[in-house]
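Got chain A; can you put chains B, C and D on it based on the hints?
Number of protein chains: 4
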Amino acid sequence: MPIPLKPASGWRHTCHTVIFEHDTPAGRAFDLCLLLAIVASVLTVMLDSVAGIRAQWGDLLTTLEWGFTLLFTVEYLLRVACVERPWRYVLSPLGVIDLLSILPTYLGLLLPQSIYYLSDIRVLRLLRVFRVLKLAGFLNAGSSITQALAASRRKITLFIYVMLMMAVVLGTLMYVIEGEANGFTSIPRGIYWAIVTLTTLGYGDLTPKTGLGQALAAVVTLMGYGILAVPTGIVTAEFARVRDDEARRRCPACNAAGHDGDALFCRRCGQRLPD
Amino acid sequence: MPIPLKPASGWRHTCHTVIFEHDTPAGRAFDLCLLLAIVASVLTVMLDSVAGIRAQWGDLLTTLEWGFTLLFTVEYLLRVACVERPWRYVLSPLGVIDLLSILPTYLGLLLPQSIYYLSDIRVLRLLRVFRVLKLAGFLNAGSSITQALAASRRKITLFIYVMLMMAVVLGTLMYVIEGEANGFTSIPRGIYWAIVTLTTLGYGDLTPKTGLGQALAAVVTLMGYGILAVPTGIVTAEFARVRDDEARRRCPACNAAGHDGDALFCRRCGQRLPD
Amino acid sequence: MPIPLKPASGWRHTCHTVIFEHDTPAGRAFDLCLLLAIVASVLTVMLDSVAGIRAQWGDLLTTLEWGFTLLFTVEYLLRVACVERPWRYVLSPLGVIDLLSILPTYLGLLLPQSIYYLSDIRVLRLLRVFRVLKLAGFLNAGSSITQALAASRRKITLFIYVMLMMAVVLGTLMYVIEGEANGFTSIPRGIYWAIVTLTTLGYGDLTPKTGLGQALAAVVTLMGYGILAVPTGIVTAEFARVRDDEARRRCPACNAAGHDGDALFCRRCGQRLPD
Amino acid sequence: MPIPLKPASGWRHTCHTVIFEHDTPAGRAFDLCLLLAIVASVLTVMLDSVAGIRAQWGDLLTTLEWGFTLLFTVEYLLRVACVERPWRYVLSPLGVIDLLSILPTYLGLLLPQSIYYLSDIRVLRLLRVFRVLKLAGFLNAGSSITQALAASRRKITLFIYVMLMMAVVLGTLMYVIEGEANGFTSIPRGIYWAIVTLTTLGYGDLTPKTGLGQALAAVVTLMGYGILAVPTGIVTAEFARVRDDEARRRCPACNAAGHDGDALFCRRCGQRLPD
Chain A
1 MPIPLKPASG WRHTCHTVIF EHDTPAGRAF DLCLLLAIVA SVLTVMLDSV
51 AGIRAQWGDL LTTLEWGFTL LFTVEYLLRV ACVERPWRYV LSPLGVIDLL
101 SILPTYLGLL LPQSIYYLSD IRVLRLLRVF RVLKLAGFLN AGSSITQALA
151 ASRRKITLFI YVMLMMAVVL GTLMYVIEGE ANGFTSIPRG IYWAIVTLTT
201 LGYGDLTPKT GLGQALAAVV TLMGYGILAV PTGIVTAEFA RVRDDEARRR
251 CPACNAAGHD GDALFCRRCG QRLPD
Chain B
1 MPIPLKPASG WRHTCHTVIF EHDTPAGRAF DLCLLLAIVA SVLTVMLDSV
51 AGIRAQWGDL LTTLEWGFTL LFTVEYLLRV ACVERPWRYV LSPLGVIDLL
101 SILPTYLGLL LPQSIYYLSD IRVLRLLRVF RVLKLAGFLN AGSSITQALA
151 ASRRKITLFI YVMLMMAVVL GTLMYVIEGE ANGFTSIPRG IYWAIVTLTT
201 LGYGDLTPKT GLGQALAAVV TLMGYGILAV PTGIVTAEFA RVRDDEARRR
251 CPACNAAGHD GDALFCRRCG QRLPD
Chain C
1 MPIPLKPASG WRHTCHTVIF EHDTPAGRAF DLCLLLAIVA SVLTVMLDSV
51 AGIRAQWGDL LTTLEWGFTL LFTVEYLLRV ACVERPWRYV LSPLGVIDLL
101 SILPTYLGLL LPQSIYYLSD IRVLRLLRVF RVLKLAGFLN AGSSITQALA
151 ASRRKITLFI YVMLMMAVVL GTLMYVIEGE ANGFTSIPRG IYWAIVTLTT
201 LGYGDLTPKT GLGQALAAVV TLMGYGILAV PTGIVTAEFA RVRDDEARRR
251 CPACNAAGHD GDALFCRRCG QRLPD
Chain D
1 MPIPLKPASG WRHTCHTVIF EHDTPAGRAF DLCLLLAIVA SVLTVMLDSV
51 AGIRAQWGDL LTTLEWGFTL LFTVEYLLRV ACVERPWRYV LSPLGVIDLL
101 SILPTYLGLL LPQSIYYLSD IRVLRLLRVF RVLKLAGFLN AGSSITQALA
151 ASRRKITLFI YVMLMMAVVL GTLMYVIEGE ANGFTSIPRG IYWAIVTLTT
201 LGYGDLTPKT GLGQALAAVV TLMGYGILAV PTGIVTAEFA RVRDDEARRR
251 CPACNAAGHD GDALFCRRCG QRLPD
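Sequences listed follow chains A, B, C and D, in order. Under the numbering used here, the first residue of the first sequence is numbered 1, with each subsequent residue one higher. Under the numbering used here, the first residue of the second sequence is numbered 1, with each subsequent residue one higher. Under the numbering used here, the first residue of the third sequence is numbered 1, with each subsequent residue one higher. Under the numbering used here, the first residue of the fourth sequence is numbered 1, with each subsequent residue one higher.
Examples of chain D residues lying across from chain B (beta carbon under 10 Å, computed):
{"hint": "1", "residue": "G202"}
{"hint": "2", "residue": "G204"}
{"hint": "3", "residue": "T232"}
{"hint": "4", "residue": "G233"}
Hints are computed from structural coordinates only; laboratory data are not their basis. All residues carry an ideal CB built from backbone N, CA and C; glycine is no exception.
The shape of chain A in the complex, shown without the other chains (with noise of 0.2 Å):
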């Protein structure tokens, strides 16, 4: 992720430096301690999910819960005071996800308990669970893994849009030849049958019953394997590509690119190449 704009001096300096930077022991321990916030808060949030659990320890689960949410509430300050541009930190996709990491918890004092009893309402507290999403903060963008998947991204929706149009057609026609009675109620049913198959999920769930529905689901169980092929072909030559690119070097004189990794010269115009 690209780093905020930081303030020129003072304690927004020092504490954009901790908070946004990677690269100071402060800024490390920082980013150790939020890891490990993270990390607690969302087990805090997954055991109080289980009836089991939360009947024994609920009280201290939610008070472990308050603690993360005065915790990030504080970080959350903390951020939007030391930057320069406040606004565009807040609207910014890690900043909506830091404020819906904290949000949630506060709903349960602003609504009466009698509206907040209400089933609805009461999972609008599971968002805690998109804590996790603040852990994307600590991915590197930069990385190889995102330039190739960015560079597939277009090759990888044409492949769904030709997949979900194979799962129409089949699932279609599955519903007609397996009919109501083998569990193929609707024409959403049969789609839902063909993607678990074309992409050998198989939960089994629903499965064909008549011999010619088995032929089918055979036949698309082969074809799918073509398929199947295509979106790791995209992916796979993406991640060649930029392993070429990064053992290539450019000339900084004419920008030539394609110099082996241990070339002294510029292979078109002769320039020293830096190492």
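Just chains B, C and D, lined up with the frame of chain A:
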């Protein structure tokens, strides 16, 4: 898809530009409307197949259905009218799909109700779902995905051929080992099991119960792994080749390929290369 | 498959051309008939195993079966007769398959009925399905698929070896964690589970029921992902190498490889390259 | 695995040659015997866990077990005796595995029967199955598989990290959508479902029942496809790099790599390259 021949001038010229071409504002607007109409009409067919929704919204869905049918009929007639060689379009894959996407609805009018409600004929109405194939008109035939798949076609056919041979042998073995008591009631059913297992689909509707059968299944699955890698390898290698070809330029004089991206002169005839 | 030694002249010379070679009209016609006969005879065996079909068409299937057996017997005798070294053909893999595809039918004549109907001996008749392996004679041994698979053999063996070690350890852990109450009745069954899980087959006939078991299953599956990539990576890398080799030509003078596809002269000794 | 330091002479020198080295006839014979003993002892533990076999052959299996334990004890003592720095071997991974493979059997003697038959302690005996890890001693650490996996370690860790983040979010969504009535009794169970689905394992023990849940499952599976391609792409690209490196030779003078397979002179310093 290749664009059909365009009339020299007149309203058919204008109409051809809007319907078949994608680089004018009108053409793009037409494409977008068509795309939305296709998706909406397929959704209508899908929702109509869900018993609960049909009971409540049946009349609305029938009305919508007739609207889409009339829309696609007009579109089909315009397409036929504004190309130079109408029969060539009518008999092309896209022309057949366009026709198939309107015929099923009219079938209900042409046939008397008493015959129409025989289930086999009602099923024909579901052919309307093949409208989704009209979306294929938006695919770019020259894309690297279609190229790579076309180049791998022979190898993938060979792979499916070997896979089927293995499935016949393994399915028969399993039929002998497990027997009818464990659900393997015939060799075709054994082959169905073998394909579901070799592709790691694994529905679980037919699984080995005896120790020997489970041992064979485990061996087959591990073996299947090496095989599973084959189509992926084929497609990936083709993707890499297509990508390499794209990165190379051809000489305008001698048509030699394989120049590095920054070469200035043809490496065979010395002709200056275009940028 | 390599073609057996051909007699110098006479009817055996002609017969060899038709049966073993694929580049004369007669040879191609023979290949096509043989292909159809193999597929039809395998279908006969398969249909004969379906109880409903056997009850109704049993006599027809038996007659067809004898027809195919006589046909393949004649083919086998001709093959033996028209090669220079008959024993070498008889003992070659294809010769053994050809013999195995006719023996099981004759077994019914040689053994008395009372013994024949013991189920273990009847099962031998199903060996007829191995006729499908006769199709292997049509595979091109020099194709890039077989080359790539042969080149990756050692690495894939190593991979299966590591996979089995992991399956033994994980299967034992699961046997300890889940215990007999949850279906993990022995270590071999645990290993069966581990292989079904590591390969993402996932039948679902044996799944973890305890929280700890489910957590282990989740970890194993994610780990399995890295491993799953290994055979694909191995085969893909070999495909890429085979394809690279194909794209390169060797110098007839100095045997140097690595020329681009359109190079005119050897890049090491200047010898003109063949087209 | 690296070979431990060898004593200069005497019986320990001879013994070290036989036990730790693989290039003398005696060393190869020892390796083969050890391999067979490991496989046989693991089979013994496995068979002992099958109730039916233990009831009938229990005494034989116990005798065999003691035989293998004594054999491995002798092997362990010899290994400790014939290396220069015994403690280094004892504390190495292979040394720990060698010790763990004999300890569990002796445990039965050391502890009184009354305590021994408490099930938790009996379970310790199953640790004998980890003897299978002794096979790791036969793996070639320098192979290209281990190299490629080691090189991809960081990227695969990153991938699993992203995968877990997605699983937490999707598992929570599914817990909210499907609810306890459909088996999604807690967030951890939802995460278990998400991992089983994203990896296309698809046990089918926990599947979405509501329409919305099935739609989400279908979307997740298709998305999972792009992700599924990532580890494969990573490992494949690394395999290709390792293979490329193998195909290149280094200059003995300046250590420059990247020479073509048939180059005669170093392309950087002009030094004649070795064959």
